[in-house]
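Engineer: Given next are the chains, with one letter for each unit.
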Amino acid sequence: MITTITAGELPEHATSLLEKGFRLALAAGHDDAGPDAGGLRAVYLFIAAAPDRRVELHVPLDRDHPEVPSLARLSFPAGRFEREMRDLFGIVPTDHPLPQRLVRHFHWPQGWYPMLAAAGEPPQFGDVDGPYPFRTVEGPGVYEIPVGPVHAGMIGPGHFRFSVVGETILNLKARLWFVHRGLEKLFQGRRPEAAIELAERVSGDTTVGHTLAFCLAVEDAHQVTVPPAAQRIRAILLELERLYNHITDIGALCNDVAYGVLNAQAQRVREQLLRINDRVTGHRLLRGAIHPGGARVAALPGPAELAAIGTDVGELVGLALSNTVVTDRFTGTAVLTAAQATDLGTVGVVARASGLTIDARHDHPFMSAQFPRPEHTRTDGDVLSRFLVRAEEMATSIAMITSLADMVGDRLTATAPITSGGGRSGVGIVEGWRGMITHRIETAPDGTLTRVKIVDPSFFNWPALPVALADTIVPDFPLTNKSFNLSYAGNDL
Amino acid sequence: MSALGVVGGIAQPVLIVAGSPLLVGVMRQVRARLEGRAGAGVRQPWRDLRKLLRKETITPRGTSEVFRIAPLLLVATSLVVAVVVPFVTTDSAIDPVADLFAVVALLALGAVALALAGLDTGTAFGGMGASREMTILALVEPTLLVAIFALSVRVGSTNLGAIVSSTLHDPARVLSPASLLAAVALIVVIVAETGRLPVDNPSTHLELTMVHEAMVLEYAGPDLALIELASAMRLSVFLGLLANLFLPWGIATAATPAALVVGVLALVVKVGLLGVVLAAGEVFLAKLRLFRVPELLAGSFLLALLAVAASYFLA
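Residue numbers (my numbering), protein chains in the order written: chain A, 116 to 608; chain B, 1091 to 1405.
To be clear, the hints were calculated from the coordinates, so they are not data collected in a lab.
Ideal Cβ positions, reconstructed from N, Cα and C, are used throughout, including at glycine.
Only true hints are included.
Only some residues are given here: those of chain A computed to face chain B with a beta carbon under 8 Å:
1. Glu259
2. Tyr374
3. Val376
4. Asn438
5. Val441
6. Val589
7. Pro590
Turn these sequences into a full structure, and let the hints guide you.
Structural biologist: Dropping the structure here:
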C-alpha cells in the first residue's frame, strides 16, 4: 500500500503505524529528476508481521528546501535512516536529536550529495570539513583506546573509540563508513538481470540473502509469480548460506577464547559446506544460482551428508560448552536486554538471542511452504545466547533443507518470465543469516532500475554493539564483536 | 670458578639460544597436529627470526632510549640467567649470581624493561599491555620466590646449584609434600610468566585481548627479532629451571666430555618433554577472563606458601 503525504503529515502517519505494531524497515531519499523535472522524495517503508503487511509513505519534497520532520523520537532506526538521507541526498531532518554526520566522513566535500542525480563525478577530496568529534568521557582514571580502522586481523575497516576505567568500558563509539562504494548508484540505469552481479556482491558472505531480496523486489515490481519449485530452491540456498556462516561464527567464537582446536574443526565443517555449495551452484559462495523470476541449481545436497554435518556441529557445540572456561567466558558477557533490543530495532540472530521472535522467514514469507518457528533454549542476550541461537538455527536449517530438497525432487531449474512493463516499485524482504534484508527498487517505464535501496541487517544491529558492551571489560570486546558479527560492507553501501 | 662451571657457562647459553626457537617451533607443531592442522614446521621460528633480522630498524616517532634499550636488556638478562643457572652442569660460571634472588630479579628486570618500553611508545596498546603485564608480574614474582625458597629451606642455601646438587644426593626429597606443592605453584607461575594459555594467548591477532603482544606491538625488524628470541629463551629458561629443580638427573657433575654430553642431552630431553606436555595441555584449555587470572595466581601463591610451611614443619 502506497500513500503519498505531505511532510507535515508524516509524524502523524508514522505514529499511528508504529502504534499498530509496524516497524520501520527502510527510509530512503529519492531524486525524481528527469524529463518531468520532479523534486526529491523521501520514502518510508513500514512493515508488520502476522499477517505480512507493508505500507509505504511517500513524501515529495521541494528541491531547494528539502526538509522532513524527524521521526527519531518515535523510532531509533528512523533517526539513523534520516542521517543517512541527509548525508547522501541533503534531505534535512528538522529537530533531529542527534544531527551528527553518519555516512559522510569529514574529508567529504561540503554540500556534495553523491546520490543526487546531478551529483556528477566526486570532486577532489582534500580539506577536512570541520571537526568530527567523539564524545569524551572525563573523570579520574578515564582513558581512551583508539582501535582501527586498520586492524591486526583480516576484518573490515571500523574505528572503535573506547573510554575505559581500568579495564571496564564506560563508553564505546563505533565509527564506520570508511569504504563507501556508491553501490546503490551503480544499480541505477541497469536492467534487473544485469544488476544481479551487483546484488551478489553487496556483502560477500550474504550472496543469497541480498540476491534473493533484490529478485523478490524485482518480481514484486513486475507482479510476477515465481513457481513453487523455484521458491523452494531459493529457500534451500538461503539455508545453505546460513549454515556455512553460522559454523564459521561458532568456530570463531571458540577461537576468540583461545580454544583453537574447535575452530580448526569448525573450519573443517565449513569447508565441507563450501564444497556442497560448489556442487549445488558451481560457486563456493553460492553465486549465480538466483535470478529474477527463478532459480537454477546443478544438484541438491543429500540428506545423509547434511545429517553427518549436523551431528558434527552438535558435537563441536557440546565440546565447547563442556569446557568450563569457555562457558565462563560466554555466560553473562555483553548482555543486550530484550528491552534494549526492541528499542534499538535489532533484527536477526542478535534480536532472537535477546528473546525477540522476529524472523522474516515467518513474518514476511516468500514461499508457501512453512516451517515451525524454532524455539531457542537461551535468550538472555549474552554471548552464550548468541552462540546457542546460531547452533540451534543450524539444526533447524538442516531439517528445512532436507525436507525442501525432498519436495523439489529433480526439478533443478524453475523460472517464470519477467514480463516487461515498468514504472513501478517493489519490495523484497528476506531473512539472511545475519537477519532481515530489505531491498526496495523502482523501475523506469523501459524496465531499467531508477533507484535501489538496500538495507542490511547490520545497519540495525551496529548500534546495539556499544550498548551491549557497557560495563564489559576491554578484553571481552573481540568476543562480543564476533558474537554480533556485523557486516562492514553491507552497512556501508 | 671451577672448570665445570666454565664449561657450563659456555655450553648453556649456546644451547639455550640455539634451542629456544626450536622449542617454540616444536610446541607450535605439537599444537597444530593435535588440532588437526598441518603446522608450519619446527624451524619456522628460526625462519621468522632470520626474516626479521634482515629488515631495517624502525622506531616509532617520539620514543626514547627506553624503547631502544628494552630488547637488548631483555636478551641480556635472559643470557645471564642462561649462563649461571645449573642447566647442564651443577657448578655455575659465576657462582654468586646463581642465587635464587638474583635470578628471579634478573628475569623480573627483563619483564619490567619491556613494560617500560610499552609505556614509552605512548600508545593505548602499549600502556594497556604494560598495565596487564605488571598486574600479572606483581602476583607471579612473589610466588616464584616463595616456591623456590621452599626448596632452599632444607638445603640451607639459596644458591640454585646447591639446591640442585642436594636433590641429586637425596632423590626421595622430590616426593616430599613441600617439593610437590612448590612444583605445582611453579608450573602455574611459569605458564603465567611466559604468556601461555590460560593466562595469555601467544597466537592471537586481537589487539584488545593481548598482554605480552600488546606491549611489543610497536616493535619491528631486528628489535622484534630480539624480543621474540628473548621470549623463547625465557620459556626455555623457566622450563629448564623447573626440570632441574625437581628432576635434576642427568646434569653433569664432572667436567668430562661424556658427562657433558649426557648433561646436554638430558636438558634437551627434559625441556623438550615439558614443552610438548605444555603445548598438548594448551589444546584443551581456553583463555581465562582477565579478572580470573589473579584468582589463579593467588591460588598458586597459596600453594607456594604451603610449600614453605611444609618444608619447615614436615622436614
